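Chemist: Each chain, written out:
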Amino acid sequence: MEITLTLHGILRDYMPHQARGKTTLTLSNRTNIEQIIKSLNIKQSVSVAVDGREVEIDYVLQDGDHLHMFCMIAGG
Amino acid sequence: MINGYNGKILHLNLTTGEFSVEEPAEHFYRRYLGGTAMNMHYMLKEMAAGADPLGPENILCLSVGVTTGAPISGQSRMTSTAKSPLTGAIGDAQSGGFFPAEMKFAGFDAFIIRGKSPRPVYLWVHDGEYELRDAGHLWGRITGDVEADLQKELGDKNIEVAQIGPAGEQGVRYAAIITMSNRANGRTGMGAVMGAKNLKAVVVRGKEGKKNFAPADKQAVVKLAQHGARIFPESNVAGMRKYGTAGSTGGQQAVGGLPTYNFNSGVFDEWQKIDGTTMYDTVLKGVKEDKQDRYGGDTCYACTVRCKMVVEITTGPYRVDPRYGGPEYETTSAFGNYCGISDLAAVSYANQLCNQYGMDTISCGATIAWAMEAFANGRITVEDTGGIELNFGNTDAMIKMTELIAKGEDFGKILGMGSQAAAEEIGRGTEEYLTTSHRMEAPAHLPQLKSGLGLIYAVNPFGADHESSEHDGGIEGRRISAPERMASLGFTEPMERRSLGPDKVRYARVTQYLFSAINSACVCAFVYGPSWQLFGQQELCDLIKGVTGWDMTVDELLLVGERSLNMQRAFNAREGIDRKHDTLPEKVFAKALEGGRSDGLYVDRKQFATALEEYYRQNDWDVETGTPARHKLSKLDLAWVADLLKL
Chain A
1 MEITLTLHGI LRDYMPHQAR GKTTLTLSNR TNIEQIIKSL NIKQSVSVAV DGREVEIDYV
61 LQDGDHLHMF CMIAGG
Chain B
1 MINGYNGKIL HLNLTTGEFS VEEPAEHFYR RYLGGTAMNM HYMLKEMAAG ADPLGPENIL
61 CLSVGVTTGA PISGQSRMTS TAKSPLTGAI GDAQSGGFFP AEMKFAGFDA FIIRGKSPRP
121 VYLWVHDGEY ELRDAGHLWG RITGDVEADL QKELGDKNIE VAQIGPAGEQ GVRYAAIITM
181 SNRANGRTGM GAVMGAKNLK AVVVRGKEGK KNFAPADKQA VVKLAQHGAR IFPESNVAGM
241 RKYGTAGSTG GQQAVGGLPT YNFNSGVFDE WQKIDGTTMY DTVLKGVKED KQDRYGGDTC
301 YACTVRCKMV VEITTGPYRV DPRYGGPEYE TTSAFGNYCG ISDLAAVSYA NQLCNQYGMD
361 TISCGATIAW AMEAFANGRI TVEDTGGIEL NFGNTDAMIK MTELIAKGED FGKILGMGSQ
421 AAAEEIGRGT EEYLTTSHRM EAPAHLPQLK SGLGLIYAVN PFGADHESSE HDGGIEGRRI
481 SAPERMASLG FTEPMERRSL GPDKVRYARV TQYLFSAINS ACVCAFVYGP SWQLFGQQEL
541 CDLIKGVTGW DMTVDELLLV GERSLNMQRA FNAREGIDRK HDTLPEKVFA KALEGGRSDG
601 LYVDRKQFAT ALEEYYRQND WDVETGTPAR HKLSKLDLAW VADLLKL
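Just so you know, the protein sequences line up as chains A and B, in that order.
First residue of the first sequence: 1, per the working numbering; consecutive thereafter.
First residue of the second sequence: 1, per the working numbering; consecutive thereafter.
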């Protein structure tokens, strides 16, 4: 199955610069978000949303999902 | 200087030109830590109720905290406090940079400024010496030019300048105090207060102070600073160094939390054009040579985070001089998504105008967005605007309006009063579009989505503010992001983002105490805080102990914050401002958000009213009035405030 992954802010640095934080991933069934975080070796604590809805990191991804990951900061 | 503070407060009466130096005892510093709490001591004790915010009777307090100037991240902040010309209540604003540390090194912990000078002057403070100097030649000029001239005039490139621009001189109600020509004590109109006093600038220099800064336990401070540098790369604030605070735009958009079209929607289709990553890729200084990491960022004194962006644009209609910095998330939101504008150069230019003329970017952008919605609904017309088609998405109109406000011309004069006063002036039902609480325009976080933060918007003594409590995200999710920090405040169980029961009220209230303490200690809320920040509240206590020698605990820190909050509420009560002012703008109750993931969300009126009463009860305040009584003030070592208010 395929999902779209968008990494926001600093997290995009876990991808090659040219990707600008966005890529398509081909995954085996039953992959959850925590496995993606581990595979990318992301160190920060992240918030995750699928198609705009915030979910927990044990969410099992579905074909066609658009997964957003961002670092929680607030303010500015 | 020993143990972090000078032990000297400089009092100045601008009407008479008289100075005096107060030397408070150690317990004074421990009770307040500095900043807002210390300023409130003077606001309550030395100012009568009913003062005209733009009259000589208003007092402007500029102060730093006990740790300001220590060699560690996030300590160089200055708090300005006065009665606000925007809100009529207590006004309060913070900013970082190099001014705060230099102010401490110059020999004083606070400047308490009364009266009104008969002519424009600036205050020059250096190595314990002080004098008023003529500022006639600086009046009417923009910040960058004034700063350069003062460096020449005083023969020192290392002076630090806190000044007003022309907006402050003209009494724009949300005029800011600007340092470094790009940092703003932005909120609540402190620049207008300074302008009304004919005080153009405060200039500081402390050649000896830095050398003489002697923490009680230097090793402890150095060790903590080294620890911060070590954990920074994997921390949540690491992204701020590259992408600034605007790096959070995408996350806000993803959950429908990006206030758009004057808070009518939580999503902006063109958000990517104004995101911090786009800023990094396109407009940061040095980008053409791929050297924006080297030239495109700036910092505050001794800070490892370096979250300040520096924009340079040399072509096109909106050219930006790097000395005026770059926009924060709040600014890209206020001039961007609030107004439906996605031109990053224009947003950066509006930021530059605000820094040159000295205005709060949030209130300025939000007031324009309010006018845009009124224009879209025919309540404001081209008759009002002088022919400007003030439509959402009209970039040139947004810029033109920012210029008119900054210069106090035409319709800009009305918008310079702030949106609420402008709505009262214009009438025609334009109040329907306001986004204000306590008469101050809301920052770029939606109360419809962050319920606890929404409560704080409503009850915060100086109006809707995003740096007065931890946001709801800090406690939500099955896995809290900083469990130890939260546990030390008594929160172990996650809560839903949109919940507003007694537990969420407690979360909002206790973190409000912490942020009130942060604004009193004058440290940065990106570096010290209960959640995603570089350091937690325990490290802040460790820092205070390392600098002052006091055995500061988290409980004592929270008590300072609670004390500060109660002093602010008491000040407002004396001004007749109480529970009836503690509300959210009508539109967040009456109209649901449209589009994206937050489509259909609104604030439930009944749930909000229940939470409000719970908040008063938890604070041990009078539920009918929302104000602290004598017994509460006495518990906080503030019986003298009860005496003053005749409680």
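In short, the hints are calculated from the structure, not lab data.
Being a predicted model, the structure only gives us computed values, none of them experimental.
It is possible that some hints are incorrect.
Straight-line Cα separation of at most 30 Å, DSS-like style, residue types lysine-lysine; simulated pairs [unchecked claim]:
| no. | chain 1 | residue 1 | chain 2 | residue 2 |
| --- | --- | --- | --- | --- |
| 1 | B | Lys8 | B | Lys157 |
| 2 | A | Lys43 | B | Lys223 |
| 3 | B | Lys211 | A | Lys43 |
| 4 | B | Lys273 | A | Lys43 |
| 5 | B | Lys273 | B | Lys291 |
| 6 | B | Lys45 | A | Lys22 |
| 7 | B | Lys45 | B | Lys407 |
| 8 | B | Lys8 | B | Lys210 |
| 9 | B | Lys273 | B | Lys8 |
| 10 | B | Lys407 | B | Lys116 |
| 11 | B | Lys273 | A | Lys22 |
| 12 | B | Lys8 | B | Lys211 |
| 13 | B | Lys407 | B | Lys152 |
| 14 | B | Lys207 | B | Lys218 |
| 15 | B | Lys273 | B | Lys407 |
| 16 | B | Lys407 | A | Lys22 |
| 17 | B | Lys273 | B | Lys288 |
| 18 | B | Lys157 | B | Lys218 |
Chemist: Does each hint hold? Answer for all of them.
Modeler: How the hints compare with the structure:
Our distance criterion of 30 Å between C-alpha atoms is met by B/Lys8 and B/Lys157, whose separation comes to about 26 Å. With a C-alpha separation of about 23 Å, the suggested pairing of A/Lys43 with B/Lys223 holds against the 30 Å cut-off. Between the alpha carbons of B/Lys211 and A/Lys43 the distance comes to roughly 38 Å, so the proposed pair goes past 30 Å and is violated. Taken as a hint, the B/Lys273 and A/Lys43 pair is honoured in the structure, with Cα atoms around 27 Å apart against an allowance of 30 Å.
This hinted pair checks out: B/Lys273 and B/Lys291 have alpha carbons roughly 21 Å apart, not beyond 30 Å. Between the alpha carbons of B/Lys45 and A/Lys22 the distance comes to roughly 57 Å, so the proposed pair goes past 30 Å and is violated. Proximity of B/Lys45 to B/Lys407 is assessed by CA-CA distance (about 36 Å); at most 30 Å being required, the pair is judged violated. Note on B/Lys8 and B/Lys210: the hinted pairing holds, with a Cα-Cα distance of about 16 Å set against a maximum of 30 Å.
Pair hint B/Lys273 plus B/Lys8 does not hold up; C-alpha atoms about 48 Å apart against a cutoff of 30 Å. For the hint linking B/Lys407 to B/Lys116, the alpha-carbon distance of about 22 Å falls within 30 Å, and the restraint holds. For a cut-off of 30 Å, the pair hint linking B/Lys273 to A/Lys22 stands: about 15 Å separates their Cα positions. With a C-alpha separation of about 18 Å, the suggested pair B/Lys8 and B/Lys211 falls inside the 30 Å cut-off, and the hint holds.
For the proposed pair B/Lys407 and B/Lys152, the alpha carbon gap of about 26 Å is at most 30 Å, so the pair holds. In summary, the hint linking B/Lys207 to B/Lys218 is supported, as the alpha carbons are separated by about 20 Å, within the 30 Å threshold. With a CA separation close to 29 Å, the supplied pair B/Lys273 and B/Lys407 stays within the 30 Å bound. For a cut-off of 30 Å, the pair hint linking B/Lys407 to A/Lys22 is broken: about 43 Å separates their Cα positions.
At roughly 18 Å between alpha-carbon atoms, B/Lys273 and B/Lys288 fall within 30 Å of each other, so this suggested pair holds. Proximity of B/Lys157 to B/Lys218 is assessed by CA-CA distance (about 29 Å); at most 30 Å being required, the pair is judged to hold.
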